[in-house]
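There are 2 protein chains.
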Amino acid sequence: MEKKEVAAGIDIGGTNTIFGLVDREGNILAEDRVITSHYDEIEVFVAALYEKIQLCVSKAGKGIELKGYGVGAPMGNINCGTIEYAAGLPWKGIVPIAAEFRRHTSLPVTVTNDANAAAVGEMIYGGARGMKNFVVITLGTGLGSGFVIDGKLVYGHAGFAGEIGHTAIRPGDSNRDCGCGRKGCLETYVSATGIKRSLLKIMADSIQPSELRKYSFEELDAKIIHDAALRGDPLALRAFEHTGRMLGFKLADVVAHTNPEAIFLFGGLALAKDLIFEPAKEYMEENLLSIYKGKVKLLASELSTQNAAVLGASSLVWSELEA
Amino acid sequence: MEKKEVAAGIDIGGTNTIFGLVDREGNILAEDRVITSHYDEIEVFVAALYEKIQLCVSKAGKGIELKGYGVGAPMGNINCGTIEYAAGLPWKGIVPIAAEFRRHTSLPVTVTNDANAAAVGEMIYGGARGMKNFVVITLGTGLGSGFVIDGKLVYGHAGFAGEIGHTAIRPGDSNRDCGCGRKGCLETYVSATGIKRSLLKIMADSIQPSELRKYSFEELDAKIIHDAALRGDPLALRAFEHTGRMLGFKLADVVAHTNPEAIFLFGGLALAKDLIFEPAKEYMEENLLSIYKGKVKLLASELSTQNAAVLGASSLVWSELEA
Chain A
52 MEKKEVAAGI DIGGTNTIFG LVDREGNILA EDRVITSHYD EIEVFVAALY
102 EKIQLCVSKA GKGIELKGYG VGAPMGNINC GTIEYAAGLP WKGIVPIAAE
152 FRRHTSLPVT VTNDANAAAV GEMIYGGARG MKNFVVITLG TGLGSGFVID
202 GKLVYGHAGF AGEIGHTAIR PGDSNRDCGC GRKGCLETYV SATGIKRSLL
252 KIMADSIQPS ELRKYSFEEL DAKIIHDAAL RGDPLALRAF EHTGRMLGFK
302 LADVVAHTNP EAIFLFGGLA LAKDLIFEPA KEYMEENLLS IYKGKVKLLA
352 SELSTQNAAV LGASSLVWSE LEA
Chain B
52 MEKKEVAAGI DIGGTNTIFG LVDREGNILA EDRVITSHYD EIEVFVAALY
102 EKIQLCVSKA GKGIELKGYG VGAPMGNINC GTIEYAAGLP WKGIVPIAAE
152 FRRHTSLPVT VTNDANAAAV GEMIYGGARG MKNFVVITLG TGLGSGFVID
202 GKLVYGHAGF AGEIGHTAIR PGDSNRDCGC GRKGCLETYV SATGIKRSLL
252 KIMADSIQPS ELRKYSFEEL DAKIIHDAAL RGDPLALRAF EHTGRMLGFK
302 LADVVAHTNP EAIFLFGGLA LAKDLIFEPA KEYMEENLLS IYKGKVKLLA
352 SELSTQNAAV LGASSLVWSE LEA
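Protein chains in written order, with my numbering: chain A, 52 to 374; chain B, 52 to 374.
Chain A with its partners taken away, still in its complex shape (with noise of 0.2 Å):
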């Protein structure tokens, strides 16, 4: 009988990492995850990671053969293999992941941007098939970005392409700490942690009353926001308009960069649909030139939530065999 074969698609998060095992067709066979945050040390975190993708590969039965790894990390670096420099996860400083799995495996393993292989996976199997020019902007933790120019996932010089979350909304004028050591990046706005660091600010501005009073901080996430904005939470919907007000005029910027089709985006809030696309539209649309308006996309991810990076990612290990 011949095998299936199969790529473990590899999404590392700043608190989970997903994984998948993936044909060529992009159906996911299996999957399952590892808590990201558990893990100090690299060694420590691969060594667990590499195991449970052993094991579901055994599970899934003597049809299947794993071909490669593909990893998509917040500051992954095609180029080297590694993690750099990477905010929102445990290991600081430069991480070779990449050598990290050759300690257990001979098969090919290629490290990328997560948004990068989000937008990969969208152009495989999502809503940007057919399409030559669009970006993708993945809104979780923080904001990452991956841009396709001419069918080719655009890695730059030193593969670092696309860190859009780390430009500034309005230069040398923001008290809002980024977690790469600068103030008032555009994921310090524009994120899961963003909005709710803006909902902070709006409520202590406003003496409107909010069912969100009664939430710390740390209680807080996008959903909860989210839920407020659809029973018609005053605050929650400020916080939602504030945080696509801050995406459009930094898209605006995009489109004058390299004038995509499309952008995509991606990620838990960009589940809260109209909430989040329509100012961003509006601002988008108001700080375009002319010869863009009205012309460039803005949609939202075809693939589920967890799906895309990791389609991407396994995506990466049928290029790397056929290069």
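The set of hints was computed from the structure by calculation and includes no laboratory data. Hints are supplied without guarantee of correctness; some may be wrong.
Note that the list lumps identical chains together, so a pair holds whenever it fits in one copy or between two copies.
[Claimed, not checked] Derived pair list, reagent style DSBU-like, types lysine-lysine, alpha-carbon separation capped at 35 Å: (1) K143 x K346; (2) K143 x K348; (3) K55 x K265; (4) K265 x K348; (5) K252 x K54; (6) K344 x K143; (7) K183 x K348; (8) K332 x K183; (9) K110 x K143; (10) K118 x K332; (11) K234 x K113; (12) K203 x K118; (13) K348 x K103.
Once you've looked at the hints, dock chain B against the given chain A.
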């Protein structure tokens, strides 16, 4: 005798349109210009330009064979052969410039953004030889940008990539009108016109004496401010510092989008060397994510002011003939 093949490289600017007859090696065998602002009608402009090019070809003698026309212009669109809503040119709306040329000739005519043309010139004949990922910023009456990724010019979905001159420094927070109809665009600060505007504002706020107080806005130009700065004029020095700072802010954004190896500055303001490069470099570095710090070169174009766009525009003809 075998004839020497040349392409007409044409650089359309708000004031002058410069053209050259360029061979495949990048030698400009002849050049001349027409005054753009004398022509309100695109038909008359193209007829006059076409005639002057033919004159140049005849003068160059029988050994020359013209193979095509490459045009660089603000808002030049390679997909449609048009110039669209270029604020600094005499013709409004969508101008079918390639079609106008085709009324006179059956040779190939290629149109692109003037900064794209300069980027191609830099890549083939200038300081970007051998580079795969770089950006050229043209500082003239306005500010243009051309992006090269993986050795190829980025056109984007609709042919309009690289309009960072029309991104806002601080969205919603500037009174400075832009020719594009919006406010606070980068080119209203960073361009030959932008530095004049900043100087006037500094002059209004300051009580320091300055040799520049005797000039009207119309009399002032970037060269006068540059010369005054070299003599230590305090207001001229502050105008350069301010201009460089605004540029540096946005260059940090450029890096976070596409992670280039180098950014080249080209055009009049770039001739001010350290006066513009030092503040630009300082504020770019200050606004860079740590992974990029100290790793992106900020360089002066190696091509003389008038020639990069002419060379780049001419090279479009060779690419067109080989496609």
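Hints violated by the structure (numbers, ascending): Result: hints 3, 4, 5, 10, 11 and 13 break, sorted rising.
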